[in-house]
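There are 2 protein chains.
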Amino acid sequence: MSTHCVIIGGVALGPKVASRLKRCAPETKVTLLDRDRLISYGGCGIPYFVGGDVQDVTELRKTMYHMERNEEFFKKVKHFDVLTGKEVVSINRRDKYVTYRDVDTGVEKDLSYDTLVLATGTTPVLPPLPGTDLSNVFTVANLHHAQAIKEQLTQGAIESAVIVGGGAIGLEMAESFADLWGVETTVVEMLDQALPQAIGPDMAGLVQKQLEDNEVRFLAGTKVTEVIGDPENRVKGVKTTAGEIPCQAVIFSVGVRPNTSLAAEAGLSIGANHGIVVNARLRTSDPYIYAGGDCIEQRHLISGESLVMPLGSLANRQGRVIANNIAGGNDQFKGVIGNFCVKLFDIGVARAGLTVRQAEEAGFDPEYALVVQPDRAHFYPTSAIMYLKLIADKKTRQVLGVEALGPNGDAVKARVDAIAAVLPYKIDCQDISNLEVCYSPPYASAMDIVNVAGNVLQNILDGLNQPIFPQELADTFPGSGAVVLDVRHPDQARFGVEKYKEQWLNIPLEEIPDRMEEVPRDKPVHVYCNTGTRSYEVQRYLNAKGWDRVSGVQGSYAVLKNIAPDLDERE
Amino acid sequence: MSTHCVIIGGVALGPKVASRLKRCAPETKVTLLDRDRLISYGGCGIPYFVGGDVQDVTELRKTMYHMERNEEFFKKVKHFDVLTGKEVVSINRRDKYVTYRDVDTGVEKDLSYDTLVLATGTTPVLPPLPGTDLSNVFTVANLHHAQAIKEQLTQGAIESAVIVGGGAIGLEMAESFADLWGVETTVVEMLDQALPQAIGPDMAGLVQKQLEDNEVRFLAGTKVTEVIGDPENRVKGVKTTAGEIPCQAVIFSVGVRPNTSLAAEAGLSIGANHGIVVNARLRTSDPYIYAGGDCIEQRHLISGESLVMPLGSLANRQGRVIANNIAGGNDQFKGVIGNFCVKLFDIGVARAGLTVRQAEEAGFDPEYALVVQPDRAHFYPTSAIMYLKLIADKKTRQVLGVEALGPNGDAVKARVDAIAAVLPYKIDCQDISNLEVCYSPPYASAMDIVNVAGNVLQNILDGLNQPIFPQELADTFPGSGAVVLDVRHPDQARFGVEKYKEQWLNIPLEEIPDRMEEVPRDKPVHVYCNTGTRSYEVQRYLNAKGWDRVSGVQGSYAVLKNIAPDLDERE
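First to last, the sequence lines map onto chains A and B. All residue numbers for the first sequence refer to my numbering, where the first residue is 42 and numbers rise by one. All residue numbers for the second sequence refer to my numbering, where the first residue is 42 and numbers rise by one.
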């Protein structure tokens with residue numbers, strides 16, 4: 042007997058459920074409804090369409106074999122029915138039917154289901170501020186918005202723009218505005234750093250430097266209070282807690298809210314984070330209704346917390362799980378680790394697990410290592426500096442999170458994905474020290490940055506490595522009265538020695554054994570080099586010789602030049 | 042009380058043990074001996090020195106902060122003693138001392154130890170053939186060999202060369218000869234494929250195509266029987282089972298043998314693969330002697346077998362474990378997964394775990410998926426095709442291995458490292474379907490190739506996907522009488538239709554529902570497209586409509602164009 046599966050929502054999860062279900066259980070009739078006419082698109086590609094990497098918006102709707110994913114495609118190739126321009130207005134769970142309205146005619150119809158799938162996605166948040174109804178105030182939610190934004194850019198109507206929200210979408214949009222179109226772009230972020238949900242403040246400092254280097258202004262700790270318009274109701278600026286910024290366009294990218302009103306009105310469980318509650322089989326509180334993708338609450342496998350995590354990749358994986366379950370299987374989606382990556386101008390940023398702040402909030406007592414090292418053999422011509430932060434719980438040594446960035450984004454992703462893969466297994470730092478990753482000089486060092494990070498973090502937890510983190514040095518030096526022991530070549534140390542006199546002591550690494558008596562014993566000594574490697578070496582040596590107030594500056598110059606360039610202006 | 046640790050061997054593991062030990066237990070006296078004068082080098086960098094990516098051989102001996110790692114460096118910076126040019130000739134375990142001989146003077150001395158570390162490495166195998174003593178017959182073992190080879194190239198003395206052995210080092214050397222120096226290069230491999238220890242024959246076919254495209258001749262299944270010389274005892278060619286090849290240089294890279302004679306003579310356990318036997322703490326059968334790196338037998342975490350795996354990355358990780366144990370800890374090295382990668386001209390190749398053949402030998406019953414997909418969002422400008430093979434046991438569905446290749450080697454490594462990281466946890470294909478990897482269009486597809494491979498392999502094991510692998514098609518078609526159902530655009534199908542007539546049926550994907558009656562029911566039908574994705578779609582649809590002799594060509598044109606270009610010469 043044929044059953045009928047109705048799916049509400051046609052961007053990522055919906056079409057995946059439908060396609061998979063027709064391959065597993067071809068006798069099932071499948072109908073997908075969406076209120077939009079344009080469905081099944083790569084929403085994450087919007088910044089690349091706006092920024093010109095993708096010429097035609099239709100590219101975001103095509104398969105890799107270049108067929109446009111429209112109603113006809115789904116009928117002829119995937120063998121299910123798609124009704125676009127149909128908004129579902131209610132779910133009758135008792136009699137198992139939905140009522141939908143044609144968005145053009147307003148005519149309402151009922152459609153019976155045996156199983157229902159909610160793939161309703163999210164809506165971008167538009168804060169309740171004066172002026173958000175002006176023209177040229179945008180969110181980045183769908184292809185219509187994308188086209189409207191690009192049209193304005195193409196016409197040269199935007200000379201300067203304000204992006205509200207320094208998360209991934211905001212920063213990607215900032216790049217697309219500034220890079221191709223030369224728009225004077227300012228990002229305004231309420232919190233004190235870029236990518237606040239994704240990475241810690243030290244890594245964010247490197248990201249913000251990258252934005253500045255590419256002429257994107259980044260205002261942290263700043264609130265937009267009003268969007269102001271001209272007499273023709275077009276944006277002419279925003280008021281912020283840091284003053285007024287003139288602009289011809291404003292993009293709000295301050296987060297999204299799961300679309301759950303249908304689910305809530307039908308009496309399904311909604312979670313504390315406003316997402317639909319599902320079990321590991323991705324079933325809602327109604328056994329005939331599944332939900333997945335951006336509109337649900339997901340379980341974080343490290344923190345145990347629930348959260349909404351809107352990502353097309355998760356939606357696609359979950360679509361298969363739902364289809365398998367509707368087809369009669371028992372397929373489970375265990376939860377998320379929070380893998381995330383973003384390209385920003387010339388660097389790639391990736392992370393997984395928890396940041397230090399998130400770890401604290403989840404009840405852990407986090408410690409971390411900050412490692413700076415070439416992303417492949419340092420003698421290989423394309424090698425470039427990578428930054429990697431590894432976070433673990435002090436007591437259990439369970440690894441909680443990783444953050445990395447560098448010019449080769451694929452290489453950054455390689456490190457984060459490898460560590461992320463083992464995070465669900467509640468591994469120890471030592472497992473990272475010995476994590477087997479592919480080695481060959483064109484792609485890695487013999488001691489890969491992943492393994493080094495595991496080693497450094499163990500050394501810190503064991504008390505061998507006495508760290509001072511760069512931000513702390515920047516905040517306290519030279520006022521603290523501590524001495525920086527710079528073990529680089531005198532040419533590199535010259536700036537510090539001249540600026541800070543006896544507070545910046547230069548003894549090159551190889552001269553330490555002969556000159557160690559110059560190092561003060563009665564004040565804090567911060568050993569400093571290019572990336573932190575030599576600092577650790579010297580810190581251990583001085584410890585062995587009886588110095589007990591010595592710490593090593595983690596990441597040293599490679600980090601400080603980005604987050605506190607005044608401290609040591611080597612170049 | 043200070044103890045004395047003596048280390049024999051100074052390339053990778055030895056200096057790592059010594060440096061770490063001095064940081065953990067600075068009161069320990071450490072002496073490292075090596076018979077060579079040039080120590081502590083990145084041996085894996087030799088092909089890049091020969092090929093010109095690395096200009097000066099000293100680069101391979103420098104730290105990333107550009108200090109040369111010589112005796113003085115280790116004394117001043119790492120605080121231990123290095124004796125070069127000293128060959129250890131015997132170990133007296135009862136009285137705990139070694140006897141070493143000065144390689145120049147022949148004078149012998151004794152040196153007492155409390156703990157001894159064997160880091161004796163390997164020696165390249167030179168097969169017992171006539172002519173291997175001629176000049177310009179090389180192995181690739183140390184910096185002296187590297188310099189000798191490069192000197193010949195620089196002088197223009199080599200117009201053509203034969204590389205014996207198609208493993209990683211052989212192929213890297215082939216690239217370095219052919220690419221920079223324009224040497225006419227032939228690789229002679231006894232087994233039937235390139236990289237026989239690393240990847241399966243299908244992936245090797247893609248590698249061999251890459252070699253051919255770059256004018257390196259690859260002779261599989263061919264034995265060298267003699268190296269022939271001119272009257273001045275210089276190489277002038279090799280005799281092989283496939284005929285004589287004139288050349289001015291021969292490089293043997295047919296494998297290595299662990300250097301274990303010292304250990305064996307001292308009565309330590311030697312394993313079946315001729316490596317020193319150690320426990321998880323990397324201790325030999327003598328509690329005062331540790332060993333690690335290339336000279337030991339390692340435990341494979343999937344097969345349970347012992348093997349010798351010479352890799353600088355493993356040596357470095359093991360060096361830390363040994364140092365920690367000597368310093369009084371209990372640190373363990375659990376075993377290896379067999380991660381491996383190599384750059385060959387314009388592609389990167391990576392793998393981990395077991396190949397199909399190795400899995401069979403280890404008692405598994407392997408099945409596999411071969412997936413072809415862009416390495417990032419297909420609409421992103423830098424996307425390129427990646428090939429990925431995922432192998433699992435049919436019964437338990439335990440994932441056993443992964444192989445991948447593509448033009449962006451960092452992206453290839455990212456996939457293999459992520460899967461490799463979870464292999465020790467005896468995971469199931471479904472864990473790969475849901476493996477969380479970072480997603481953003483510049484770096485991945487929403488359905489990443491990793492997840493797709495998990496899905497395809499599950500589909501095969503579930504009997505949903507009925508595969509025919511490209512090599513089988515190439516071996517049997519058109520003689521088998523089967524029909525290829527080409528679901529691509531008619532322009533792409535033209536060659537097959539014209540060449541094979543009614544045995545090559547072209548029905549574009551979207552016309553299948555209307556034209557399916559043209560598909561024969563009474564013979565095998567192989568559905569064919571560009572990468573295999575559409576083939577699966579159509580195979581499932583035809584199955585649902587009652588066709589039961591339909592299989593999908595895995596990887597389709599994207600693989601066949603490389604391994605059997607005559608079959609479908611689209612371009």
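Treat the hints loosely; a few may be bogus.
Intra- or inter-copy, both count: the list cannot distinguish identical chains.
DSSO-like mimics (lysine-lysine), calculated; alpha carbons at most 27 angstroms apart, straight line [what the hints assert, rightly or not]:
hint	residue 1	residue 2
1	K540	K375
2	K375	K436
3	K375	K467
4	K277	K435
5	K602	K150
6	K602	K375
7	K117	K564
8	K264	K436
9	K375	K264
10	K586	K116
11	K467	K280
12	K117	K586
13	K150	K467
14	K103	K602
15	K116	K137
16	K540	K191
17	K467	K103
18	K540	K467
19	K586	K70
20	K264	K116
21	K540	K564
22	K250	K467
23	K280	K586
No wet-lab data here; the hints were simulated from the structure.
Structure versus earlier hints - violations, ascending order: Per hint list: 1, 4, 5, 6, 8, 9, 11, 13, 16, 17, 18, 20, 22, 23 violated.
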